[in-house]
Amino acid sequence: MIKIWSMKKNEDAAAKKKPKTSAAQIRVQKDLTELDLPSTMKTNFPDPADLLNFTLTITPDEGMYKGGAFNFSFSINTNYPHDPPKVKCTQTIYHPNVDLEGNVCLNILREDWKPVLNLNSVMVGLQYLFLEPNPDDPLNKDAALEMTRSRDQFLNNVRATMRGGYFKSVQYDNVLAR
Amino acid sequence: MASAPSTDWPGRYYHIDQVLEKPGPRTDPAFLAGDGVKDFLRNQAKILVIGAGGLGCEILANLALTGFKDIHVIDMDTIDISNLNRQFLFRPKDVGRPKATVAAEFIMKRVPGVTVTPYFGKIQDKDEDYYLQFNLVICGLDSIEARRWMNATLVNMVDPENPESLKPMIDGGTEGFKGQARVILPTFTSCYECSLDMLNKPTAFPICTIANTPRLPEHCIEWASVLEWPRVHGDKKMDTDDPEHISWLYKVASARAREFNIEGVTWSLTQGVVKNIIPAIASTNAIIAAACCNEAFKIATSSAAFLNNYFMLIGTEGVYSYTFEHEKRHDCPVCGGEALDLTVSPDSTVENLIDILIERQDIQIKKPSLSTPTKQLYFQAPPQLEEATRPNLEKKLSEFVPANGEITVTSTSLPFSLSLRILYS
Numbered sequence: 028m029i030k031i032w033s034m035k036k037n038e039d040a041a042a043k044k045k046p047k048t049s050a051a052q053i054r055v056q057k058d059l060t061e062l063d064l065p066s067t068m069k070t071n072f073p074d075p076a077d078l079l080n081f082t083l084t085i086t087p088d089e090g091m092y093k094g095g096a097f098n099f100s101f102s103i104n105t106n107y108p109h110d111p112p113k114v115k116c117t118q119t120i121y122h123p124n125v126d127l128e129g130n131v132c133l134n135i136l137r138e139d140w141k142p143v144l145n146l147n148s149v150m151v152g153l154q155y156l157f158l159e160p161n162p163d164d165p166l167n168k169d170a171a172l173e174m175t176r177s178r179d180q181f182l183n184n185v186r187a188t189m190r191g192g193y194f195k196s197v198q199y200d201n202v203l204a205r
Numbered sequence: 085m086a087s088a089p090s091t092d093w094p095g096r097y098y099h100i101d102q103v104l105e106k107p108g109p110r111t112d113p114a115f116l117a118g119d120g121v122k123d124f125l126r127n128q129a130k131i132l133v134i135g136a137g138g139l140g141c142e143i144l145a146n147l148a149l150t151g152f153k154d155i156h157v158i159d160m161d162t163i164d165i166s167n168l169n170r171q172f173l174f175r176p177k178d179v180g181r182p183k184a185t186v187a188a189e190f191i192m193k194r195v196p197g198v199t200v201t202p203y204f205g206k207i208q209d210k211d212e213d214y215y216l217q218f219n220l221v222i223c224g225l226d227s228i229e230a231r232r233w234m235n236a237t238l239v240n241m242v243d244p245e246n247p248e249s250l251k252p253m254i255d256g257g258t259e260g261f262k263g264q265a266r267v268i269l270p271t272f273t274s275c276y277e278c279s280l281d282m283l284n285k286p287t288a289f290p291i292c293t294i295a296n297t298p299r300l301p302e303h304c305i306e307w308a309s310v311l312e313w314p315r316v317h318g319d320k321k322m323d324t325d326d327p328e329h330i331s332w333l334y335k336v337a338s339a340r341a342r343e344f345n346i347e348g349v350t351w352s353l354t355q356g357v358v359k360n361i362i363p364a365i366a367s368t369n370a371i372i373a374a375a376c377c378n379e380a381f382k383i384a385t386s387s388a389a390f391l392n393n394y395f396m397l398i399g400t401e402g403v404y405s406y407t408f409e410h411e412k413r414h415d416c417p418v419c420g421g422e423a424l425d426l427t428v429s430p431d432s433t434v435e436n437l438i439d440i441l442i443e444r445q446d447i448q449i450k451k452p453s454l455s456t457p458t459k460q461l462y463f464q465a466p467p468q469l470e471e472a473t474r475p476n477l478e479k480k481l482s483e484f485v486p487a488n489g490e491i492t493v494t495s496t497s498l499p500f501s502l503s504l505r506i507l508y509s
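Line by line, the protein sequences are chains A and B.
Throughout the first sequence, residue numbering follows my numbering, covering 28 to 205 in sequence.
Throughout the second sequence, residue numbering follows my numbering, covering 85 to 509 in sequence.
Keep in mind that the hints were calculated from the coordinates and are not lab data.
Some hints here could point you the wrong way.
As the list claims (entries may be wrong) - Straight-line alpha carbon distances no greater than 25 angstroms define the calculated SDA-like cross-link-like pairs of lysine to any residue that follow: (1) A:K141 x B:D211; (2) B:K450 x A:T70; (3) A:K47 x B:D211.
To be verified - To give a feel for the contact side, a few chain A residues facing chain B, derived at Cβ under 7 angstroms: (4) I53; (5) T70; (6) E128; (7) E138.
Every residue gets a Cβ at the ideal spot worked out from N, C-alpha and C, and that includes glycine.
All chains, full assembly: derive it from the sequences and hints.
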């Protein structure tokens, strides 16, 4: 009896199975197609069919990081927007709020994330870090310390490290916009 | 069904029958007191329990003792020794065995005449045909993701032409001394997704605090798991169920704690923080499970008005409970938004469909972006995706969407999204 039942079930399943769009998927579609980004930010999808993994390039047009092109990877899981997107800087850069592994200290990516926020808010938040680096919430302590001590020296360090190469025994990536 | 020998000894359901043999002052007029409802409850109703953990054990016992006789249970977990203090269907000898299987065996042994059918696996393994066979679904889950999936599945199953496709979902949840029970009538009342922004978010500490100014043992543990693990192990994924991984984190967190003179990092705190464990309280589970089963009984028998629709229990200071009607969200991505049947010519292209959406008086959507459950048809933005999907515009819709297939439309002019069902003329 159980056998007949399970056979019937398989037949039905094959005939009727239609995948449904998940809430996370719809939400990502909505977020992406309604992105309102300034010309200083650009998304890039290595696989255009995969909406959950992409990169963002920020090319600040003012501030201390002007002239650089900074890449971030975005990875969204199926529990979005309950869970925030996972964002990492893919280059080694000298920034008080980004550590050498690419972790980013942005409140809305962790403790202040809410489902009402969206990808646009996160991207605008990231860009803000380059316009107004915040030495009071440091992830790269040396950079933050330098910024508080001497803004000029900090700016020199930013300029130097953006060209890439060694600085204080750390190998930085060349991030100058091409 | 093989006809089992009757196990209903005299007086077995004496107390339950008090409620089923005569209507009360507030019973639904549709309630037919007497043998009919008893027969439905005991011989016809088929109920699905999701989760056989803290809530699930209580729910299964309550249902069986109330008189439900055809119960199914799904759980993907195996029994851990730490479950035994409250998951009372399990014994030390059961450690390592599937929760669903052991719970089913226990109930069947203990409550004569009840059939409990276990499934050891994920709810996602089952399809709509499976869920269609039940009259009711009760969830005793600890995961938001699983609830969202179950909720969306039951909402999507609703077919206006088939009343049987509407399966009431009763959702129980507990967190320490707090808990909630709610009744969801898919598409009629607010659904789980409608209330997603009411959820407490798990405690997260600012990453800069973790990196620079740790003050709590939790900061040290987060430092080990969020910053040190990926730095040392690269892409290797951390498995919070692997004791060796927890031990590594414990060792690293302890060293960090010593450096900053912080006390209190222990192995079990480490496990608790990385798995985001909130101590489970047996009595909270018992109260919430009872509330859920009470609703199941009322819905299955119509013997009394059921909960409309959200009950919450706050036991942190005294015992406080509050019941209210959580409202449906019109812009809910699961149950809100519009669903529309659209008949188009089999020769229509994707672009034709977009023109229809823009021009039709009753739809009038600005700049729609379209996708099927598996593919993007056309995205208005960002530029790269617009370019990648542009070639689809001149292709025939029927290449991507079968008859009765679904298309999700999003647009700034929609509260959330529009779900289209495509029919071909």
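Checklist entry - Of the hints given before, which are not true for this structure? => result 1
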